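Asker: Those protein sequences? They're chains V and D, same order as listed. Using my numbering, the letters of the first sequence map in sequence onto residues 1 to 376. Using my numbering, the letters of the second sequence map in sequence onto residues 377 to 774.
The set of hints was computed from the structure by calculation and includes no laboratory data. Just so we're clear, the structure is a prediction, and the values are computed from it rather than from any experiment. Even for Gly, the Cβ is constructed at its ideal location relative to N, Cα and C. Each hint should be verified, as a subset may be incorrect.
Computed spacing ranges between beta-carbons, pair by pair [as the list claims (entries may be wrong)]:
hint : chain 1 : residue 1 : chain 2 : residue 2 : range
1    : D       : Asp524    : V       : Gln266    : 25 to 31 angstroms
2    : D       : Arg770    : V       : Gly337    : 24 to 30 angstroms
3    : D       : Gln424    : V       : Glu263    : 46 to 52 angstroms
Taking beta-carbon pairs under 10 angstroms as the criterion, some of the chain V residues facing chain D (in silico) [to be verified]:
hint : residue
4    : Val45
5    : Arg262
6    : Cys314
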Amino acid sequence: MTLVLTDDQLMFRDAAKRFAAERTPVSQLRKLRDDLDLDGFSRPVWKEMAEMGWAGVLVPEENGGVGFGFVGAGLIATEIGRNLSATPLLSSAVLAVAALLRGGTPAQKETLLPAIAGGDLLIAFASDECVRHTPYHIATRCTGKYKLSGRKLHVLDGHVADRLIVSARTSGDIGSRDGITLFLVDPKASGVTITRSSMVDSRNSAVIDLRDVVVGEADVIGTFDKGAIVLDAVLDAGRAVLSAELLGVAEEAFERTLTYLREREQFGVKIGTFQALQHRAAHLFCEIELVRSVVLRTLQALDAQEPTASSLVCLAKAKASDVARIATNEAVQMHGGIGMTDEFDIGFFMKRARAAAETFGDQYYHTDRFAQLSGY
Amino acid sequence: MSAPLNSDQTLAAFRRDTRAWLEANCPAEMRQPIVDEYDVCWGGRRAQFKNDAQRVWLEKMAERGWTVPEWPKQYGGGGLSKDEARVLREEMAALKCRPPLTSFGISMLGPALLKYGNEKQKSEHIPKIVRGEIRWCQGYSEPGAGSDLASLKTRAEDQGDHFLVNGSKIWTSYGDQADWIFCLVRTSFTGKKQEGISFVLFDMESPGVSTRPIRLISGYSPFTQTFFDNVKVPKENLLGELNKGWTIAKYLLTHERNMIGGMGTQRVTPLSQLAIRNLGLTAGRLSEPALRTDIARFEMDALAFALTMNRVTDEAKAGNETGAMSSMLKYYGTELNKRRAELTMSVAGSEGLKFGDAHSEEQLAAMWLRTKANSIEGGTSEIQLNIIAKNVLRLPGA
């Protein structure tokens with residue numbers, strides 16, 4: 001497989017580029033934030049995105065999607081990153097779909113996938129319980145057949161979801177990979193309390209409390225006690241697509257900074273003539289080029305279900321998180337005072353880079369995991 | 377001139393034939409890993425072959441033009457398409473065949489000759505590069521012209537039928553073993569410094585040429601200072617136009633940078649394997665956490681860089697512009713190579729400090745010291761960043 005996009009992928013990307021820039025530019029996120037929008041995203045626009053094939057990007061054609069795979073999802077995510085578009089793409093179209101594709105029963109797939117792909121159903125993935133990503137630290141209890149009790153943190157789009165996918169400990173010790181089971185949960189069920197959190201990147205995140213929430217046999221996703229197989233697949237899908245989004249954040253912040261360096265004058269010259277700034281910009285250019293290669297290769301590896309895909313996911317998430325951090329920090333610094341103002345957009349990119357890096361493991365988490373997967 | 381696209385079928389046939397030919401013609405000794413510098417064949421008038429197999433391998437490959445698979449057939453090259461050349465590389469790698477010939481004629485001068493040489497120059501010089509008969513060296517840097525290469529002062533005076541060359545070059549790789557030199561000389565002292573430079577070729581046996589080896593911190597002496605004292609160079613040895621040598625010099629540098637940048641991706645024992653051996657594991661993790669983190673970060677960057685090399689190659693094949701990437705690959709590749717060497721020394725501990733009289737590649741300290749030149753030779757890292765800022769990022773006044 002070559003590291004070049006096919007003609008179909010290029011067309012898909014160009015359509016995404018146009019749509020995101022026209023319909024969900026940074027100003028839309030700013031408006032959602034300033035209006036204290038209750039949904040945190042635009043439902044009509046999400047419906048339009050579904051018509052573009054975004055909501056069903058991972059869903060096979062026989063289930064009502066477009067089947068463009070992880071490379072396709074990544075191409076959308078990069079444009080979302082460039083425009084800081086607020087959408088439930090990651091939660092519903094990536095995490096939930098990945099869970100259903102990996103562990104869903106035929107009945108679950110038949111009923112849920114077409115509805116997700118059509119943009120009519122939002123499913124949120126509720127698994128993390130620690131402030132720092134620790135995927136197997138699951139203390140949510142499952143008693144009897146079945147009552148769930150526990151607390152889930154940083155649930156993306158949790159407060160707008162029509163259904164939840166919740167991980168629970170059905171056996172084993174907290175921290176153990178064995179003994180985890182995933183359940184579909186109705187957010188309106190008795191015992192579910194969802195509290196929306198106000199986040200620095202103005203995106204949707206919620207804390208979900210479960211108290212003796214009743215679920216049934218038909219709600220299990222994947223194999224009982226062996227839910228970690230599905231959980232791993234969901235997390236790697238989310239990490240890879242977030243890496244593609246972080247690439248877009250880094251690219252856009254960098255390009256805006258280059259424009260500023262070419263225009264802003266101090267000491268009677270353009271500040272872009274200063275070598276101190278040129279060398280930092282040139283180094284950053286190289287780092288972003290590396291992220292481009294890594295992200296594309298990782299998405300291809302997930303599509304091909306390569307055995308080393310998890311290692312590449314670590315590389316992508318670590319590298320993209322770190323480079324987006326540098327790119328957005330340099331952006332604010334090189335913009336100087338105006339970069340610190342809320343009126344100017346560049347700060348939004350730094351906020352999103354921080355939140356996206358934190359989600360499902362940052363560069364520290366994934367550097368450690370990369371070393372472990374490499375046997376050291 | 378682009379070769380016609382190969383159908384999968386003809387390419388598969390080419391692969392079969394190539395494999396059969398390589399199996400029949402590549403001597404067993406030439407399928408062993410390269411151990412020391414004598415295993416690398418540089419050719420030249422005074423070529424020293426380590427053994428008969430090395431000579432035979434060069435002759436057989438040169439006969440087919442496969443020392444330079446993609447160069448045109450009319451000058452002795454292989455005339456292969458990009459796809460065929462890739463197949464040849466893959467088959468050679470599969471059989472572990474060594475490169476039959478390594479030379480600056482191949483990696484640097486040849487592409488410039490093909491692009492800027494006249495017919496006479498091409499038919500005179502290229503076949504000898506293909507067959508490894510003439511070993512070339514590069515006359516670029518001078519004691520007073522390093523990063524500011526265009527300020528070079530070695531001058532070539534017009535004497536009617538010849539130039540008279542006077543001056544001195546430095547960092548001439550293997551200057552004492554080369555047969556001919558491609559050399560930047562000043563032919564005009566007026567106007568912009570870049571516009572008074574010419575590109576000339578001459579025989580290192582010409583009267584007035586002398587060399588002095590330079591001993592480096594690593595103990596090696598791969599470079600010489602090279603002196604020109606009233607050296608007569610026939611005018612027909614001017615490559616391209618008078619005073620237009622800078623364009624050729626820059627074109628050739630992109631080839632040199634690709635070569636140096638790629639050195640960091642050569643297959644070596646992964647650093648982490650060395651570290652597991654020397655440090656040991658505690659609960660599955662390297663026993664020194666701070667060092668482990670740096671090793672992991674290095675290995676991740678090295679993998680990301682290797683993927684980027686692949687992507688740039690793939691994009692070039694797909695016809696996408698990548699010329700501006702050579703500075704990036706040179707900069708990042710050499711900085712990575714230095715990181716690898718620093719970490720290797722840390723992992724090796726006191727064992728890595730051993731530094732005997734016989735300086736072989738086996739010695740880590742010599743290798744570590746050698747890598748310091750990577751980010752200096754062929755344009756320093758800082759010069760590469762300048763080029764990226766100017767040519768890629770289009771920053772003002774850079």
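Asker: Does each hint fit the structure? Answer for all of them.
Answerer: Going through the hints against the structure:
Distance hint for D:Asp524 and V:Gln266: a CB-CB separation of about 27 angstroms, consistent with the stated range 25 to 31 angstroms. The given range of 24 to 30 angstroms is respected by D:Arg770 and V:Gly337, whose C-beta atoms sit roughly 25 angstroms from each other. The hint said 46 to 52 angstroms for the Cβ distance between D:Gln424 and V:Glu263, and at roughly 60 angstroms that hint is violated. At its closest, the beta carbon of V:Val45 sits 33 angstroms from a beta carbon of chain D; the interface hint therefore is violated under the 10 angstroms criterion.
Hint status for V:Arg262 relative to chain D: holds, with the closest Cβ pair at about 6 angstroms, below 10 angstroms. Contact between V:Cys314 and chain D, as hinted, is supported at the beta carbon level, the nearest pair being about 8 angstroms apart and thus within 10 angstroms.
In the structure shown, a violation is registered for the earlier hints numbered 3, 4, in ascending order.
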